[in-house]
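2 protein chains.
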Amino acid sequence: MFDVRPVAYVLGLLVTTLGGCMLVPFLVDIAEGRGQWPVFLESALITTLCGGLVSLACANAGRQGLTLQQTFLLTVGAWVVLPLFGGIPFMLGATEARIVDAFFEAMSGITTTGSTVFTGLDGLPKGILLWRGILQWLGGIGIIVVAMVFLPELRVGGMQIFRSEAFETMGKILPRATEIASSISTIYVGMTLACAAAYMVCGMDAFDATVHALTTLSTGGFANYDSSFGGFQGPAEYVAAFFMIAAALPFVRYVQMLNGHHTALWRDSQVRAFFGTILALVAVMSVTLLALFPHHPEQAIRESLFNISSIISGTGYASVDYMGWGSFLVTLFFLIGLIGGCAGSTACSVKIFRYQLLFASIRVQLKRIRAPHGVFTPRFDGRPVADEVLNSVMAYFVFFVVSLGVLSLALGFTGLDFVTSLSGAATALANVGPGLGEIIGPAGNFATLNDTAKWMLSFAMLVGRLEIMAVFVLFTLRFWRG
Amino acid sequence: MFDVRPVAYVLGLLVTTLGGCMLVPFLVDIAEGRGQWPVFLESALITTLCGGLVSLACANAGRQGLTLQQTFLLTVGAWVVLPLFGGIPFMLGATEARIVDAFFEAMSGITTTGSTVFTGLDGLPKGILLWRGILQWLGGIGIIVVAMVFLPELRVGGMQIFRSEAFETMGKILPRATEIASSISTIYVGMTLACAAAYMVCGMDAFDATVHALTTLSTGGFANYDSSFGGFQGPAEYVAAFFMIAAALPFVRYVQMLNGHHTALWRDSQVRAFFGTILALVAVMSVTLLALFPHHPEQAIRESLFNISSIISGTGYASVDYMGWGSFLVTLFFLIGLIGGCAGSTACSVKIFRYQLLFASIRVQLKRIRAPHGVFTPRFDGRPVADEVLNSVMAYFVFFVVSLGVLSLALGFTGLDFVTSLSGAATALANVGPGLGEIIGPAGNFATLNDTAKWMLSFAMLVGRLEIMAVFVLFTLRFWRG
Ligand SMILES: [K+]
Ligand SMILES: [K+]
Numbered sequence: 001m002f003d004v005r006p007v008a009y010v011l012g013l014l015v016t017t018l019g020g021c022m023l024v025p026f027l028v029d030i031a032e033g034r035g036q037w038p039v040f041l042e043s044a045l046i047t048t049l050c051g052g053l054v055s056l057a058c059a060n061a062g063r064q065g066l067t068l069q070q071t072f073l074l075t076v077g078a079w080v081v082l083p084l085f086g087g088i089p090f091m092l093g094a095t096e097a098r099i100v101d102a103f104f105e106a107m108s109g110i111t112t113t114g115s116t117v118f119t120g121l122d123g124l125p126k127g128i129l130l131w132r133g134i135l136q137w138l139g140g141i142g143i144i145v146v147a148m149v150f151l152p153e154l155r156v157g158g159m160q161i162f163r164s165e166a167f168e169t170m171g172k173i174l175p176r177a178t179e180i181a182s183s184i185s186t187i188y189v190g191m192t193l194a195c196a197a198a199y200m201v202c203g204m205d206a207f208d209a210t211v212h213a214l215t216t217l218s219t220g221g222f223a224n225y226d227s228s229f230g231g232f233q234g235p236a237e238y239v240a241a242f243f244m245i246a247a248a249l250p251f252v253r254y255v256q257m258l259n260g261h262h263t264a265l266w267r268d269s270q271v272r273a274f275f276g277t278i279l280a281l282v283a284v285m286s287v288t289l290l291a292l293f294p295h296h297p298e299q300a301i302r303e304s305l306f307n308i309s310s311i312i313s314g315t316g317y318a319s320v321d322y323m324g325w326g327s328f329l330v331t332l333f334f335l336i337g338l339i340g341g342c343a344g345s346t347a348c349s350v351k352i353f354r355y356q357l358l359f360a361s362i363r364v365q366l367k368r369i370r371a372p373h374g375v376f377t378p379r380f381d382g383r384p385v386a387d388e389v390l391n392s393v394m395a396y397f398v399f400f401v402v403s404l405g406v407l408s409l410a411l412g413f414t415g416l417d418f419v420t421s422l423s424g425a426a427t428a429l430a431n432v433g434p435g436l437g438e439i440i441g442p443a444g445n446f447a448t449l450n451d452t453a454k455w456m457l458s459f460a461m462l463v464g465r466l467e468i469m470a471v472f473v474l475f476t477l478r479f480w481r482g
Numbered sequence: 001m002f003d004v005r006p007v008a009y010v011l012g013l014l015v016t017t018l019g020g021c022m023l024v025p026f027l028v029d030i031a032e033g034r035g036q037w038p039v040f041l042e043s044a045l046i047t048t049l050c051g052g053l054v055s056l057a058c059a060n061a062g063r064q065g066l067t068l069q070q071t072f073l074l075t076v077g078a079w080v081v082l083p084l085f086g087g088i089p090f091m092l093g094a095t096e097a098r099i100v101d102a103f104f105e106a107m108s109g110i111t112t113t114g115s116t117v118f119t120g121l122d123g124l125p126k127g128i129l130l131w132r133g134i135l136q137w138l139g140g141i142g143i144i145v146v147a148m149v150f151l152p153e154l155r156v157g158g159m160q161i162f163r164s165e166a167f168e169t170m171g172k173i174l175p176r177a178t179e180i181a182s183s184i185s186t187i188y189v190g191m192t193l194a195c196a197a198a199y200m201v202c203g204m205d206a207f208d209a210t211v212h213a214l215t216t217l218s219t220g221g222f223a224n225y226d227s228s229f230g231g232f233q234g235p236a237e238y239v240a241a242f243f244m245i246a247a248a249l250p251f252v253r254y255v256q257m258l259n260g261h262h263t264a265l266w267r268d269s270q271v272r273a274f275f276g277t278i279l280a281l282v283a284v285m286s287v288t289l290l291a292l293f294p295h296h297p298e299q300a301i302r303e304s305l306f307n308i309s310s311i312i313s314g315t316g317y318a319s320v321d322y323m324g325w326g327s328f329l330v331t332l333f334f335l336i337g338l339i340g341g342c343a344g345s346t347a348c349s350v351k352i353f354r355y356q357l358l359f360a361s362i363r364v365q366l367k368r369i370r371a372p373h374g375v376f377t378p379r380f381d382g383r384p385v386a387d388e389v390l391n392s393v394m395a396y397f398v399f400f401v402v403s404l405g406v407l408s409l410a411l412g413f414t415g416l417d418f419v420t421s422l423s424g425a426a427t428a429l430a431n432v433g434p435g436l437g438e439i440i441g442p443a444g445n446f447a448t449l450n451d452t453a454k455w456m457l458s459f460a461m462l463v464g465r466l467e468i469m470a471v472f473v474l475f476t477l478r479f480w481r482g
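Note that the protein sequences, when read in sequence, are chains A and B. When we follow the UniProt record's numbering, the leftmost residue of the first sequence carries the number 1, and every step to the right adds one. When we follow the UniProt record's numbering, the leftmost residue of the second sequence carries the number 1, and every step to the right adds one.
These are computed hints drawn from the structure, not numbers from a lab. Hints are not guaranteed to be accurate.
[Unchecked claim] Here are the simulated SDA-like pairs of lysine to any residue, each with C-alpha atoms no more than 25 Å apart in a straight line:
| no. | chain 1 | residue 1 | chain 2 | residue 2 |
| --- | --- | --- | --- | --- |
| 1 | B | Lys367 | A | Ser403 |
| 2 | A | Lys367 | A | Ala273 |
| 3 | A | Lys367 | B | Met191 |
| 4 | B | Lys126 | B | Asn445 |
| 5 | A | Lys367 | B | Leu404 |
| 6 | A | Lys367 | B | Asn445 |
| 7 | A | Lys367 | B | Phe207 |
| 8 | A | Lys367 | B | Ala447 |
| 9 | A | Lys367 | B | Leu193 |
| 10 | A | Lys126 | A | Ile141 |
| 11 | B | Lys126 | B | Leu193 |
| 12 | A | Lys367 | B | Ala197 |
| 13 | B | Lys126 | B | Gln70 |
| 14 | B | Lys126 | B | Ala197 |
| 15 | A | Lys126 | A | Gly77 |
| 16 | A | Lys367 | B | Val406 |
| 17 | B | Lys367 | A | Thr452 |
| 18 | A | Lys367 | B | Gln160 |
| 19 | A | Lys126 | A | Pro38 |
| 20 | B | Lys367 | A | Gly77 |
| 21 | A | Lys126 | A | Val149 |
| 22 | B | Lys367 | B | Arg379 |
| 23 | A | Lys367 | B | Lys126 |
| 24 | B | Lys367 | A | Phe472 |
| 25 | B | Lys126 | B | Ala447 |
| 26 | A | Lys367 | B | Ser269 |
| 27 | B | Lys367 | A | Leu84 |
| 28 | B | Lys367 | A | Gly120 |
| 29 | A | Lys367 | B | Phe459 |
| 30 | A | Lys367 | B | Leu474 |
| 31 | B | Lys367 | A | Gly231 |
| 32 | A | Lys126 | A | Val100 |
| 33 | B | Lys367 | A | Val402 |
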């Protein structure tokens, strides 16, 4: 049995930090004057106390470096423990949530999924609404750092392709992981402020602009209203589309651009493939929508751009109920949710680089079939790809599809219909937010699902957020030996 | 441009043979005395004439061996040309089909899919019903031979893993490909006769027993009645389950058993995995059905065994409308259709050996994550698996999933609802037969779909039957060069 204390030490620090963050909604609740301030004060006390005590108890072990197993445990542990504490305000506050709902909502926040079990959002105290935004915003910056620093080292899901890159590139510009985190945080904060300002220009009040900026940059998608983004049709949709796409791009490229490599973003083949995909999808969907609203070309283009950006980045805002757009577009939205953004961003799902790797491998296969004795190597971003990476991407893909199947089955077993089961499983694993159908579709929410389904979906969000394999590795016996 | 004449020569011979086979339903129609005999006489004349003329015209080229490209073209060409001629009786006969329906039905026959666009089967002339069975039966023996002799050489979809095996094993026992085909045909004929006899013992008349035996051994699933297998509930379901499973096992093992290797079947790890999967599924489904019919344990086990065997082998007979069994079992049936039988049988879909290879690869990944510097090799049937095979399986898997997505989208575009689009795409690509939902579910049929959807599904059946890659290879520019 290995030493869990170094892991507990860091988890304790993270929980304490989360408790500290609860003071922000505490201050907002005081300012709003609806008498809600004890909620976040109490939550902050419980959280910082628990976190602080654990950290103190394990402080001796904190100086050791982390082994590979400990890194796995820390990564998964953070996304399990933080929702447990992050959900406390939902239990104590106006939402009066049971533990299953509080955990679901907090997990949906920290994994930046954005599926909600709460209704009547429009009337909730501002502290609660802000807290939902903060959870997503923290989850967003958290996953960028984990995806850049930890996952490539853990060699899961093909992320090892970014291994040398992250360390070579960063090694030249920035010597240490904490510096990576801090310069990415600066960019993240700056973009969030810019997004909030742009929302205000489009007519949102300061509070809505702040919360929606938090959930836009994290591609989280929690909104302050039951109608999601439906109340902000118009220019705000263009602003949202711009920042959702920006949040789904690899943040390391922004760092490089700030350091003088002005073409770093555009030279990334992931980014080019991502923009190409969005353009093609917007073109197809606009033309299809023009058949539905022939006299509103601007609306067709705007709604296509907004909803495609929302689903492909995994944000999950909805500005209309696209369940009424016909089976072609509904199926298209389902599939777009399985594409995802770029690695090293807040976006989740399969991600564009995996498709690029798979297609590179398939191109090579086709060449080999034609010329069995030729030597061909798949390439990504101009460099040859090791078989280990391809196998790892394949494993990710299989795990994703098998998890989707098993979860759909299990949800069906709890009594959900086929479309709700399948799309609920997909939206949770891909951390998108809305599913399909009347219950959990863009106009619905997850409130009425049974508790078993909510627990399963919470687990699925965790699994999806951590590139699937990182969680399942913990379930192998071999992991716990030695 | 390469020489297509050797391909045309063989295709001509195949078409002529198909025309010859039309004399069987011709004789049956004479015997039935409903005046339908001109249908198959005329069809046979057209077919043998066209086939014969092409063969004669290209006879000079027939002596050459086939190159790799020519083998691809022949394989795909056979599954395109034979349905064109095989559908002629449906246009001339009592079904009075338009070309789209005739082609769909014949493609569904030759690919052993078993989706039908005809209603009122119960009243059709016997010749037409028998012809549907014959098409499936020929398609079944055809795919076994192609899967054993051609596909491993074409290195598509991981089938190359059976390359050395087929030729080593067969090389010792049987020196040439024609002998492989003839000894497998003998077994196939013998099993079909045994199945027909068993059906008659269970109370079917000679005609129904014959046609259903033809569509059981080919895992095709065309039935003589609109209610599919619903009229034969009881002992016949056990007989069908036995022969459907037998038809989904690798036929090369039967050859080996006949040659004295009595344990050949059971020593094949595919076979063991296949039986294990069926047992587990029957156990889960029986228990679930017992909750639905608490007083009929035999019925629960029988219906589980029959319907699982039917879907996993890709036969697609239905004895009940399982759409009423609740979302868990409906989702389960959808997923079972994506498993499939063993390679080298008449079964289609992803097939059990690909899952075994994928899981072997994933096990190795998990070991590598834990011990990055260890050396681990995935194994199949005890032997190490080359990376080339794994990449090929991955490519198959990706092609399958992407084809499924694109086809669902395209079907949605023609106006089909989400469940019909998705399950229709899956059932066509996996050559199972029934989809989900009211329209194409186990109690429905494909008659009411629009023509565009029928053409797309016909193409999907072809693509699925030939392990997907074999068809797409033809679409690469590189294929047609040199
Ligand atoms: K989201
Ligand atoms: K079938």
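Quick rundown of the hints versus the structure:
1. Lys367(B) - Ser403(A): With a Cα-Cα distance of about 20 Å, the restraint between Lys367(B) and Ser403(A) holds, given a limit of 25 Å.
2. Lys367(A) - Ala273(A): At roughly 22 Å apart (the allowed maximum being 25 Å), Ala273(A) and Lys367(A) satisfy the hint.
3. Lys367(A) - Met191(B): Distance ~40 Å between Lys367(A) and Met191(B) Cα, so the pair is violated.
4. Lys126(B) - Asn445(B): It holds: about 20 Å lies between the C-alpha atoms, which stays within 25 Å.
5. Lys367(A) - Leu404(B): This hinted pair holds, its Cα atoms lying about 23 Å apart.
6. Lys367(A) - Asn445(B): Between Lys367(A) and Asn445(B) the Cα gap is close to 40 Å, so the pair fails against 25 Å, i.e. violated.
7. Lys367(A) - Phe207(B): Violated - the C-alpha atoms of Phe207(B) and Lys367(A) are around 49 Å apart, more than 25 Å.
8. Lys367(A) - Ala447(B): 40 Å, violated
9. Lys367(A) - Leu193(B): With a Cα-Cα distance of about 44 Å, the restraint between Lys367(A) and Leu193(B) is violated, given a limit of 25 Å.
10. Lys126(A) - Ile141(A): 23 Å, holds
11. Lys126(B) - Leu193(B): Holds. Lys126(B) to Leu193(B) sits at ~19 Å (cutoff 25 Å).
12. Lys367(A) - Ala197(B): 49 Å, violated
13. Lys126(B) - Gln70(B): Violated: Lys126(B) and Gln70(B) sit about 38 Å apart, past 25 Å.
14. Lys126(B) - Ala197(B): 19 Å, holds
15. Lys126(A) - Gly77(A): 29 Å, violated
16. Lys367(A) - Val406(B): Measuring from Cα to Cα gives roughly 23 Å; hence the hint holds.
17. Lys367(B) - Thr452(A): 32 Å, violated
18. Lys367(A) - Gln160(B): 15 Å, holds
19. Lys126(A) - Pro38(A): Answer holds: Lys126(A) to Pro38(A) is near 14 Å, not above 25 Å.
20. Lys367(B) - Gly77(A): The hint holds at about 21 Å.
21. Lys126(A) - Val149(A): 34 Å, violated
22. Lys367(B) - Arg379(B): 14 Å, holds
23. Lys367(A) - Lys126(B): 48 Å, violated
24. Lys367(B) - Phe472(A): 12 Å, holds
25. Lys126(B) - Ala447(B): 20 Å, holds
26. Lys367(A) - Ser269(B): 31 Å, violated
27. Lys367(B) - Leu84(A): 31 Å, violated
28. Lys367(B) - Gly120(A): Violated, because 48 Å separates the two Cα atoms, which is more than 25 Å.
29. Lys367(A) - Phe459(B): The given pair, whose Cα atoms are some 24 Å apart, holds under the 25 Å limit.
30. Lys367(A) - Leu474(B): 12 Å, holds
31. Lys367(B) - Gly231(A): The hint is violated at about 51 Å.
32. Lys126(A) - Val100(A): 22 Å, holds
33. Lys367(B) - Val402(A): OK: Lys367(B) and Val402(A) at ~19 Å, within 25 Å.
Violated hints, in rising order: 3, 6, 7, 8, 9, 12, 13, 15, 17, 21, 23, 26, 27, 28, 31; the structure is consistent with all others.
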